[in-house]
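Undergrad: Knowing the structure of chain A, use the given hints to seat chain B on it.
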Amino acid sequence: MQSVVPVHGVMAEFDNPSEFVAAIHAVKEAGYEGFDAYSPMPVEEAAEAMGLHGSRLPLIVLCGGITGFCFGYALAYWTGVINYPLNIGGRPLHSWPAYIPVLFECTVLFAALTAVFGMLGLNGLPQHYHPVFNVERFALASKNRFFVCIEATDPKFELEDTKRFLQSLTPVAVSEVES
Amino acid sequence: MAAPVQARQRPYKPPVLGRGQTFDTVTDKIASVVDRQEQPRGWWIAFTVGFALLNVLLIAVAWLFARGTGIWGVNNPVGWAFAIINFVWWIGIGHAGTLISAILLLLRQDWRTSINRFAEAMTLFAVACAGIFPIIHTGRPWLAYWLLPYPGTMMVWPNFRSPLVWDVFAVSTYATVSALFWFVGLIPDLATLRDRATTPVSARIYGALALGWRGSVRHWHRYETAYLLLAGLSTPLVISVHSVVSFDFAVAVVPGWHATIFPPYFVAGAIYAGFAMVLTIAIPLRRMYDIKDFITAQHLDYMARVMLATGLMVCYGYLTEAFYAFYSANTFEEFMMQNRMFGPYTAIYWLLILCNGISIQTLWFERVRRSPVVLFVVCMFVNVGMWLERFVIVVTSMHRDFMPSSWFMYYPTVWDIATFVGTIGLFLTLLFLFIRFLPMISMFEMRTLVPAAEVKEEH
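Going down the list, the protein sequences come from chains A and B.
Last residue of the first sequence? That's 179 in our numbering, and every number before it is there in order.
Last residue of the second sequence? That's 1459 in our numbering, and every number before it is there in order.
In isolation and in its complexed conformation, chain B is listed as follows:
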């Protein structure tokens, strides 16, 4: 008998996969969601709600195209309002997906494996929802391609010194790279679905999408290199996107916007909001599809910790904003802060502090982090809180800036709300279609986590 090999001392890592999993159980469990014809009742409820709201979006946008942005509550000082609030909210949500898929990959966090696929899908759908807003906000969305640099007969080019042009580049690059990353991750799993397909039609569709992937070791070798490179490229990209979004504000001279804290503050807020949304999706899914062995309480705990850390950074941002307003000795900044806290939108500001500052303090307790129900409630607070944050930033700064003669209140109309709620419908519809037709957890990466994947080499 050989003496037991002394394991190298490593920091204790809690298991990220339930016991007794094999290649077969992992593959069958995940692929069966796509294979089987019957979906759980939760799927139908969520999809129906999503699809109904999607129709609300279609109506709201159709009416907008017919009548113009006058149907919204936007007015002269408050020209941005809901469209930009929702844009920033959605694009922020997307950030968690890229963080999980890229940054946690580079940091070798195994636990990302069971959540990265649907988090990336969430990123794509959130970016799709975000992208709608600036386009419809242009007023003449059929001319939105004017934002792009293209050689046209008008011989006009965009101004590359403008943050709004940076935004076009940042968001379109982010959408493209996220889609590539997601698709590359899907290729081996599409091959699995092709090989499992029971009908010729699904075999053809998955077969075409799998691009003829056959799992050659030579292919895997390049594949892994490419995947790492994409992760390395996505990491600075995801940081840059919300930084550029924050430049839309910070480069302007409006009180409350013109601050250097904005880029890091926005990025932290994006990751915070994104993790809240990942949890909002993961908690019902793990129950609906009984995948608690893959998305364990440990996963919830880790995600909650990320939320707590980024949430505290966001709170630091709030404090800095208040301090800066006071310390700048600038009348307009001081007034902005005083107006934000105690002006006509005071309720929204304090609701924001309740949602983003106070509710997450519960996450210091492990019992909260591991309790799906309580955690879900906290995440709902954060989802709302992050939306309110953008409302506070956008509306309170604009509705009373320098000239009291130009002050005006902003109130959303029913069409503002319908468009926003409608994009939630678009998001849910896309998400649940994705869950129905594509594996929501990366099967090939899960296979690398099962105990049987370990190679015992005799030397």
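Bound-form chain A, shown alone:
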């Protein structure tokens, strides 16, 4: 398939978030599904336009937190009660209230690590190479320009048609993205 489709997609550039969001709506209404949009900062309306709601991430982080709690409890209990019991002032070995600070810290630590690595993992980062960077002007995507890229894998993708369609959205520029 790759040889039949020599390009990654076609990309349109916008210089303000309003036209960018309108373009995402238009691309969606035109029936394209395989596309992505790029902005120099989070644009809530763009996420809505792309139909992104919720995320699995909070659930994954919850699991991370619970794992941390269980790990902390198991560690404190097994070391303090089973493996290395210390008699300190005759107090009970399993004094769970005294474990609370450690349990809390373990919960937060595991949850935070899960949040960061979960986010990176779901986003497919770190990524060594991505075709969008082949477009020279894409360097502005981290500064002041907004991009919509319709990818060649979309069933509706026809190089010239798609180009013409993106032109009709009055972007600053339209360019082919080499794969």
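Be aware that a few hints might be false.
Stated by the list, open to error - Residues from chain A that keep clear of chain B, each with C-beta distances beyond 10 Å, as calculated:
(1) Y32
(2) F69
(3) C106
(4) N144
(5) Q167
As the list claims (entries may be wrong) - Taking CB as the label site, the calculated pair distances span:
(6) N134/A x R1287/B: 49 to 57 Å
(7) T1153/B x P126/A: 36 to 44 Å
(8) F133/A x R1367/B: 48 to 56 Å
(9) G89/A x F1323/B: 28 to 36 Å
(10) W96/A x A1322/B: 29 to 37 Å
(11) W96/A x R1287/B: 49 to 57 Å
(12) F133/A x T1025/B: 19 to 27 Å
(13) R1305/B x L52/A: 50 to 58 Å
(14) W1350/B x A139/A: 26 to 34 Å
(15) R1370/B x Y77/A: 52 to 60 Å
(16) R1305/B x L62/A: 42 to 50 Å
(17) A139/A x M1154/B: 41 to 49 Å
To be verified - Facing chain B, a subset of chain A residues (Cβ under 8 Å, in silico):
(18) A76
(19) L109
(20) A112
(21) V116
(22) H128
(23) V132
Think of the hints as simulated: they come from the structure by calculation, not from any bench.
This structure is a prediction, so every number in the text was calculated from the model and none was measured.
Note that CB positions come from ideal geometry on N, CA and C, so glycine has one too.
TA: Same frame as chain A, now just chain B:
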């Protein structure tokens, strides 16, 4: 012509960004500090001073490793002294960074945007300075890993019922989560630096650190979720850290330490000290790099208000301590307070009250809060005052506790002072290297504040 849309009634919010800013001006202004080769003279002065003091730290620590903690002024009743004073002081300073980045994010305070990045960096470097002290205070720092629970051939485990073990967990978790939070915030800005890089080497370094970030809307969506989750996790974490630090004292039975007021009193003190340090850094920086459009007088005003509020809480803590000593009808508590106020360290106690109790009363006046120079002076008072507070808590309680036969005075040696001053050098060195190589203000968050960022949707 369409009728003007009636704006929803909202409480008046003063602007937190100078006029006429665009995506370009915001990005160029912040990134140019990193891009350009020449740094202002202020940078060189601060870095040189910091680096010189860092060498003092290296010498002090090398001599300590050679000779042991005997080179310090610690003695039998006063076994904690400078090492713990400095530890608590530094870790408290770190708290403002997390408060600004996490709690103010959750409270939707826009003004945090231009100060959160360097405040978080300040947190990390302050925690690094703090972490040195308990480790070198162990006497045999090369065995500091014994503090961690690890399966070893000695088959010994830490006691999880001990506040000192809680402290290890709290501080290491805090350091890790702060670093993660800071790095996650940096990823999109590192991508900006990668895209602006003029030399292949910097493009490679920033490129590797940016992890291939390309600003996809799908990525931003998860990114924002993760950022909020981290803020939600950091909020109780930052409260817990200084609470746990205070347990080191409060769980002991020493007069003046064994009090339930300690956790909230320590947390308020930490935020207070931290905001003073943020201002101590922000006021010279905004002048040095001419970023008064980003860190406006309004920012100084807000931070000063936080300082005033937390400072008053700290003062309430002082009053409570004195009241508790009297109301407990406990001879030792009563003596501790009387000794603290009028004993051999009386000057330090009253200096503390001057710095933390009286100097901040000037912050009731808006003119003081908006005057960088006066505010800077007040912050210096607070920085000193918070250090004195820890000195008072640590030393006056220990040097005369229950048994008069074990009373003893504590005086710092030159090595105590060299180590403390040295960590200030470490802090300054790290801070100014950070300013040189990483964007000190979050560029992508600043872009969300410029007027052009508003999406006008036609419906």
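Undergrad: Evaluate each hint against the coordinates.
TA: Verification of the hints:
Chain B leaves Y32/A outside its interface by the beta-carbon criterion, the shortest separation being 14 Å against a cut-off of 10 Å. Non-interface call for F69/A relative to chain B: holds, since the shortest CB-CB distance, roughly 13 Å, exceeds 10 Å. Not every CB of chain B is more than 10 Å from the CB of C106/A (nearest about 7 Å), against its label as outside the interface. The beta carbon of N144/A sits about 4 Å from the closest Cβ of chain B, which is not more than 10 Å, so the claim that it is off the interface is violated.
With a minimum CB-CB distance of about 20 Å to chain B, Q167/A clears the 10 Å threshold, and the non-interface call stands. For N134/A and R1287/B, the Cβ-Cβ distance of about 43 Å falls outside the hinted range of 49 to 57 Å, so the restraint is violated. Here the CB-CB span from T1153/B to P126/A is close to 38 Å, well matched to the stated 36 to 44 Å. Look at F133/A against R1367/B: about 51 Å separates their beta carbons, and that is inside 48 to 56 Å.
Hint check: G89/A to F1323/B, Cβ distance near 30 Å, so the stated range 28 to 36 Å holds. Separation of W96/A from A1322/B is about 35 Å and conforms to the stated range, judged on CB atoms against 29 to 37 Å. At roughly 53 Å, the beta carbons of W96/A and R1287/B sit within the given window of 49 to 57 Å. Checked against the hint of 19 to 27 Å, the pair F133/A and T1025/B passes, with Cβ atoms roughly 25 Å apart.
Between R1305/B and L52/A the beta carbons are some 37 Å apart, a value that contradicts the proposed interval 50 to 58 Å. One distance hint, 26 to 34 Å for the beta-carbon pair W1350/B and A139/A, is violated here, with the actual separation near 60 Å. With their beta carbons about 55 Å apart, R1370/B and Y77/A fall inside the hinted range of 52 to 60 Å. Under the hint 42 to 50 Å, the C-beta atoms of R1305/B and L62/A, about 36 Å apart, miss the expected range.
Distance hint check for A139/A and M1154/B: the Cβ-Cβ separation is about 56 Å, which falls outside the suggested range of 41 to 49 Å. A hinted interface residue such as A76/A counts as satisfied when its beta carbon comes closer than 8 Å to some beta carbon of chain B; here the least separation is about 4 Å, so the hint holds. A hinted interface residue such as L109/A counts as satisfied when its beta carbon comes closer than 8 Å to some beta carbon of chain B; here the least separation is about 4 Å, so the hint holds. For A112/A, the interface hint holds, since its Cβ comes within 8 Å of a Cβ in chain B; the closest pair sits about 5 Å apart.
Given hint, V116/A at the interface with chain B, holds; its Cβ is 5 Å from that chain's nearest Cβ, closer than 8 Å. The closest approach between the C-beta of H128/A and any C-beta of chain B is roughly 6 Å, which is under the 8 Å cut-off, so the hint is satisfied. For V132/A, the interface hint holds, since its Cβ comes within 8 Å of a Cβ in chain B; the closest pair sits about 6 Å apart.
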